[in-house]
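I would like the entire structure built from these sequences, with the hints used as guidance.
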Amino acid sequence: MPEETPVPDEAAIEAWLAGRLSPDEAEALERLMAVGNFAVDEDGIDARALRAVPKAEAIRKQALLETQQRIGGSSRTSDLAMESPGELIGRYRLVERIGRGGFGDVWRAEQTEPIKRFVALKVIKLGMDTEEVLARFDAERQALAIMEHPNIATVLDAGATETGRPFFVMELVDGVPIDRYCEERELGTRQRLELFAAVCSAVQHAHHKAVMHRDLKPSNILVSDHNGYAVPKVIDFGLAKATTQSLTEHTRLTRNEQLMGTPAYMSPEQASATSSDVDTRSDVYSLGVLLYELLTGAPPFDPDELVADGYEEMMRIIREVDPPVPSARLRSQSASGSKSGRSLSEESLSKLLRQDLDWVVMRAIEKDREQRYQSVGALGDDVLRYLEGQPVSAVAPSAGYRLAKFYRRNKAGVLAGAAMVGLLVAGTAVSTWQAWRAKKNEARAVKSESAALEETEKARRLVQMVKVMLDSADANNRSSPNYTVREMLDDFSRGRMWEQLADDPAVEAELRGIVASCYQSLGRDEEALEHAARGLVLRRESATGADKLKVADDIANVANLHYSLGDLDQASLLLEEGMAIEHQLGDIKRVARTSMTLSKIYAGEGKFDLAEKTARASLKLQEQQFQPGDHDYLLDARSTLALILRKQDKSEESLALYRQTAADARRDLGVHPRTAGAVHNLATALRVAGQPVEAEKAFKEAIQLRLQFLEPGDSKVCMTIHSLAQALEDQGRLDEAEALHRKALADRIEKTGKAHIDIARAQYWLADNLEKQNRIDEADAYRREAEALVEQMQETPQP
Amino acid sequence: MQDTEDQDSWAEFSEVYMPLIFGFCIKRGLKRADAADVAQEVMRSLSLALGKAQYDPQRGKFRAWLFTAVRNAISTHYRKQERVPLSVAETTLLEYVSATPSHEDEETWEHDYQSQVLAWAMEKIRPEFADRIWRAFEATVIEELSAKEISKEINMSPNAVWVARHRVMKRLKEKVHSIDEGKWEQEMIRECQSQAM
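These protein sequence lines are chains A and B, in that order.
Taking my numbering, the leading residue of the first sequence gets 152, the next gets one more, and so forth.
Taking my numbering, the leading residue of the second sequence gets -3, the next gets one more, and so forth.
Calculated directly from the structure, the hints in this document are not laboratory data.
This one's a predicted model, so the numbers in the text were calculated from it and none came from an experiment.
Where a beta carbon is used, it is the ideal one built from N, C-alpha and C, also for glycine.
Heads up, some of the hints might be wrong.
To be verified - A few chain A residues that face chain B, going by a derived Cβ cut-off under 8 Å, partial list only:
| id | residue |
| --- | --- |
| 1 | MET184 |
| 2 | ILE196 |
| 3 | ASP197 |
| 4 | ARG202 |
| 5 | PRO205 |
| 6 | GLN213 |
| 7 | PRO301 |
Unchecked claim - Output of the computed footprint for chain A on chain B, the stretches with three or more beta carbons under 8 Å from beta carbons of chain A:
| id | segment |
| --- | --- |
| 8 | 8 to 22 |
| 9 | 25 to 38 |
| 10 | 60 to 66 |
| 11 | 106 to 112 |
| 12 | 119 to 127 |
| 13 | 137 to 150 |
| 14 | 167 to 175 |
So this is what it looks like as structure tokens:
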């Protein structure tokens, strides 16, 4: 009787596959397996793809590694279950959910001790590092606690839920978002502006207390009625910093886009790739957007359209696209018949707006923060001034300024290739001309037709020249694959087209200026100077009347180029001429600013007496002419004079100026990189003047300020820490100083690695300290290390 | 719970697509860190698009949508680097990247997608099999060794090697076919839109 071949059963095979059989069992089973029964059906599996799997695996590993480093191993706490009513979080009992947003849920909660009250409790639902959020929040807590303003909802507490999610506790505000409030009550423009001014005063107060908001938008400004008065309250102060910053650091993954701020209200600098450098002027921008929305019924960029074309496009719009001025938006709305929900008639509103409000709004939402209101206070002041019927400080931008702005914004584009440069130039030319014409037509309502035609003709010729440029680029493009932007510029500027322009100096002057600025952006100052100087000559010939201000513009550019090429004599000569023109035209502000530049040049030449006199005169003028928004210039002027005075050994007066500068910055700019700089300068001056205790205080303040914008380990932060340490050394507190030196050194190394000139500098300072403690050997060791580093640096120059 | 399901769609989706995009960027000459940036950027814009209902499922599949998004993100990435001056050769490369996709590109993308899916599926099913079984599969399928060659290494009869290969292959096919891009799509849209509130 033939023995029946035992067929392995399915269960056994599965155990075998999973490795659940003992080696003996496995061997027995394997012996039973017959060949031929297992033709593999490999349909749908691409053999080539299979062979590429090892490569795919390697890529997976790399990708995982790269992204894990960013996520920082944070757990996906967002996956955890939701809170429910009645639940106890810390000492707060959840009552009902009152809101749900990108950040998480907002609850009405009841606090029982130390007092019984209702609060708003916000649970953050991000998959982010709870400890870090809370640490960041702790850093802000002190500042938050001292905020006391009727229009700010105080943040009371923070902590972590049992499941590890951070939560914040706030004063409960019983109101509706400001946009809805205005719509529902059909508030008129005046009432809206009054509400807005109150919001500005709240935000300004916070800035004075060193707290930025960073996420201002209608849903964060709640309005409620108190005895018939509308009272706005800004909520969520300080939360954005605690929560968004860790985003840039790690959670840049997938779906957390809602953490980045609310796109429609996000300032261009927040939208830029390296968004660590964000200051109070970012809040100015967000408030500008809010004002725009309150006046026109919608923010400058439609939130839906913003996100329609993806992330990159959204960022581009925020950074580059100029929205229409509010009055124009209103006109187009009424033309297209769309409902803005406004209670005023569109006609009269748009008239109202056109006067001054347009410029107030547009200045607040400037892309370049240097051109914005420098503080929320200045914005609020202008709104109040408008309400009182006084002239506002914001004015329609000048053509020259628009050109500069257009150029700056497109600079990255210029560098991206020949074609881009061509487009840029064409765009610049046209936009300059249009802006210039628009301005002229506006400024002088009556304008002869022939003059207008003349301008159009100029614009046409300019565009024609740009075409020549593009054509030449194209021809060369085909002949050489390595044709660079610079070569294109060279070919263009040496070409014959200048001859064609011989009869039209005004157009040539304009074009020369454009070519010069292209060269300048490529770092070719000499070529830039050549064209700028030629442009200036032509401009002098062709300019008449008010156009003379353009001569002064050109002079400033040429002088600037001389200055960067080291020709101080030429620079100062030219500036003196420019100043004379500005004087003649009665533009006192420009006279003041130009003379300040001059005084810097005099100082650079060692002519301190002259520098001092000029700086004093300039400062006096600037103080007389001061308007909100001029803070930066004034600060700069004071610091310059203070520095000149110090060089002259007039340290008492110098110190007084530094004091004043710092005090003004604190008052006017609040938390601001420039305030940090001013306080640091004051501290240094104090130390030099032999007042180390005061210096210590000021350095500490400067460090606090710097850390608002910069990270530990940043060059400036470390620099100020070392300075603080030296102020301690002056007081004989060597131990403490040593610890500080070491901390700053370690922070810096962590940031830059050891091969950085800052490290050598820090090591020298540390060595000085150790020497004072008579630890000569240790000091020597650091000095040697520093010297070696310096040598190494000289061999391999830093980029 | 519905949320958990959604998480899975996103998770599966990004487990397959993140490395795919990352790898594509590496092939286009990006550094690892930059490639990771681009990959995350693309995922972020996808979630923005899904969240705002701007993404129209009719327009095509994820893969095609993402392919365009990736190429745009790469060209933006290059544009962002402020290197002076950019030669026309580089400019040409940029234009090449952002111009209409070449067949070669599309093929690379498709092909890489297939192998990423396989790699992902293998990652998922790997724990289900004993080391020897897996080795038999890997050697015969990926390294294209004969059953006989590998049978010595792992001390397993050639017949058993065939069985192992067959079984793993079957499971692999199952896993690969479990990917339902349409389902991912729907669930991701649902989640994004509920978040975007």
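Hint check:
no., hint, in the structure
1, MET184, "holds (4 Å)"
2, ILE196, "holds (6 Å)"
3, ASP197, "holds (5 Å)"
4, ARG202, "holds (6 Å)"
5, PRO205, "holds (7 Å)"
6, GLN213, "holds (6 Å)"
7, PRO301, "violated (31 Å)"
8, 8 to 22, "holds (count 6)"
9, 25 to 38, "holds (count 8)"
10, 60 to 66, "violated (count 1)"
11, 106 to 112, "holds (count 5)"
12, 119 to 127, "holds (count 5)"
13, 137 to 150, "holds (count 3)"
14, 167 to 175, "holds (count 4)"
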